[in-house]
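Asks: What follows is the residue order along each chain.
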Amino acid sequence: MFKRLMQLLNREQKSKSVAKSRLQLILVQDRTGIDEEIMESLQAELTEVLSKYFILEREQVEMELEREQDSMALVANIPVLGTKVRHPIEA
Amino acid sequence: MGKVIVVTSGKGGVGKSTSTANLGTALAVLGKKVVVVDADVGLRNLDVIMGLESRVVYTSMDVLEGNCELDKALVKDRRTKDLYLLAASQKNNKSDIQPEQMKKLCLELKEAHDYVLVDSPAGIEQGFQNAAAGADEALIITTPEVAAVRDADRIIGLLQNMSINDLHLVINRLSPEMVKTGDMMEPTDVIDILSIDLIGVIPEDREIVISTNRGMPSTYNHKSDAGQAYKRIAQRLEGEDVPIPEFKSVGLLGTWFGKLFTWG
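Chains as they are written, first to last, in the numbering used here: chain X, 1 to 91; chain U, 1 to 264.
Among these hints, one or two may not hold up.
Unchecked claim - Here are the simulated DSS-like cross-link-like pairs (lysine-lysine), alpha carbons at most 25 angstroms apart as the crow flies: (1) U/K3 with U/K81; (2) U/K104 with U/K33; (3) U/K32 with U/K76; (4) U/K11 with U/K33; (5) U/K248 with X/K14; (6) U/K91 with U/K11; (7) U/K72 with U/K3; (8) U/K223 with U/K32; (9) X/K84 with X/K52; (10) U/K81 with U/K223; (11) X/K14 with U/K180; (12) U/K11 with X/K16; (13) U/K94 with U/K72; (14) U/K248 with X/K16; (15) U/K180 with X/K16.
In case anyone wonders, no lab produced these hints; they're calculated from the structure.
Make a model of the complete structure from these sequences and hints.
Replies: Encoded structure:
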């Protein structure tokens with residue numbers, strides 16, 4: 001009940017939180033020097049390579065640089081519909 | 001042998017010169033031998049903020065060109081013992097000075113002073129490169145705003161590339177009221193993002209405008225919150241353990257309760 005009340009009161013995100021998360025995103029790009037264009041070509045090339053092994057849902061592929069505290073991660077979400085590699089035992 | 005500290009920010013208008021003037025004064029009041037150097041060649045303003053503009057005769061350019069001895073170019077601040085200003089030339093460009101020359105000048109200055117505070121121009125171009133060339137340490141000034149913090153991050157990267165690794169952050173113009181209501185980033189937010197050592201927080205203070213009008217750094221004013229905050233930074237630079245007052249948001253319920261209490 002109390003928790004619910006808190007949630008209700010804090011529903012609208014404070015502007016300082018917006019500022020902080022915007023900054024975190026901006027700095028990921030600033031620090032790596034990787035812009036939108038490079039990310040797009042990286043995504044295209046990676047999708048190409050992965051397509052040799054998997055059947056992908058290409059339109060749904062998402063790739064993003066994310067920052068957690070001191071480290072950075074390339075987070076990718078690549079839906080796989082099936083595999084193109086045959087099981088070796090069959091041969 | 002003293003040390004050279006460059007005061008820098010990347011973004012303009014966040015309070016570099018005001019901070020240089022106030023910290024220089026505060027350190028001198030503590031009994032240190034201090035020289036503040038205006039490195040903003042072509043657009044000088046530290047002399048005005050210090051209230052010493054009428055007494056500037058020679059500039060750092062005159063020293064570099066051999067027109068006068070270094071000692072002769074230092075303007076003595078008569079209000080405090082051992083506080084000097086080395087002004088920037090108004091007639092020259094930032095590209096008229098090379099980093100090597102600045103380095104030599106800083107080296108000479110720190111032989112005779114405990115602190116050499118170099119007021120950097122805004123930007124990341126040659127003016128900044130010159131200002132930082134002779135620095136042992138850096139004070140990075142930012143305000144709790146997105147654009148200023150972003151530029152501070154850029155400057156931190158550049159300083160580290162120059163092998164200046166002793167970096168301290170000053171958060172300037174923080175409004176305790178806005179932090180309380182969650183409408184301004186609090187010091188921990190800024191530290192989370194920049195991950196460098198915080199050496200002080202300067203609260204927003206109308207007194208800064210008034211003291212700049214008069215050419216009298218706020219450090220002299222015991223009633224000025226900002227002036228007192230600068231004094232505490234000077235003490236921390238001197239290695240004293242002076243805690244930084246906390247500025248935090250209190251959440252909606254907190255503010256309501258807070259208001260109830262103040263009304264009651």
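Asks: Within 25 angstroms, alpha carbon to alpha carbon, are X/K14 and U/K180?
Replies: At roughly 11 angstroms apart (the allowed maximum being 25 angstroms), U/K180 and X/K14 satisfy the hint.
Asks: Hinted pair, alpha-carbon criterion (25 angstroms max): X/K84, X/K52. Please report holds or violated.
Replies: holds (7 angstroms)
Asks: Assess, step by step, whether the Cα of U/K91 is no farther than 25 angstroms from the Cα of U/K11, and give holds or violated.
Replies: holds (23 angstroms)
Asks: Hinted pair, alpha-carbon criterion (25 angstroms max): U/K81, U/K223. Please report holds or violated.
Replies: With a Cα-Cα distance of about 22 angstroms, the restraint between U/K81 and U/K223 holds, given a limit of 25 angstroms.
Asks: Taking 25 angstroms as the top limit, are the C-alpha atoms of U/K180 and X/K16 close enough?
Replies: Holds. U/K180 to X/K16 sits at ~11 angstroms (cutoff 25 angstroms).
Asks: CA of U/K248 to CA of X/K16, is that 25 angstroms or under?
Replies: holds (11 angstroms)
Asks: Is the Cα-Cα distance between U/K223 and U/K32 25 angstroms or less?
Replies: It holds: about 23 angstroms lies between the C-alpha atoms, which stays within 25 angstroms.
Asks: Does U/K33 lie within 25 angstroms of U/K104 when you go C-alpha to C-alpha?
Replies: OK: U/K104 and U/K33 at ~19 angstroms, within 25 angstroms.
Asks: Taking only the CA atoms, is the gap from U/K3 to U/K81 under or equal to 25 angstroms?
Replies: holds (19 angstroms)
Asks: Please verify whether U/K248 and X/K14 have alpha carbons no more than 25 angstroms apart.
Replies: holds (13 angstroms)
Asks: Is it true that the CA of U/K11 sits at most 25 angstroms from the CA of U/K33?
Replies: violated (29 angstroms)
Asks: So if I understand the rule, the pair passes when the alpha-carbon distance is 25 angstroms or less; does U/K32 with U/K76 pass?
Replies: Judged against 25 angstroms, a Cα distance of about 14 angstroms means the pair holds.
Comparing the model with each numbered hint stated earlier shows that hint 4 is the single one that does not hold.
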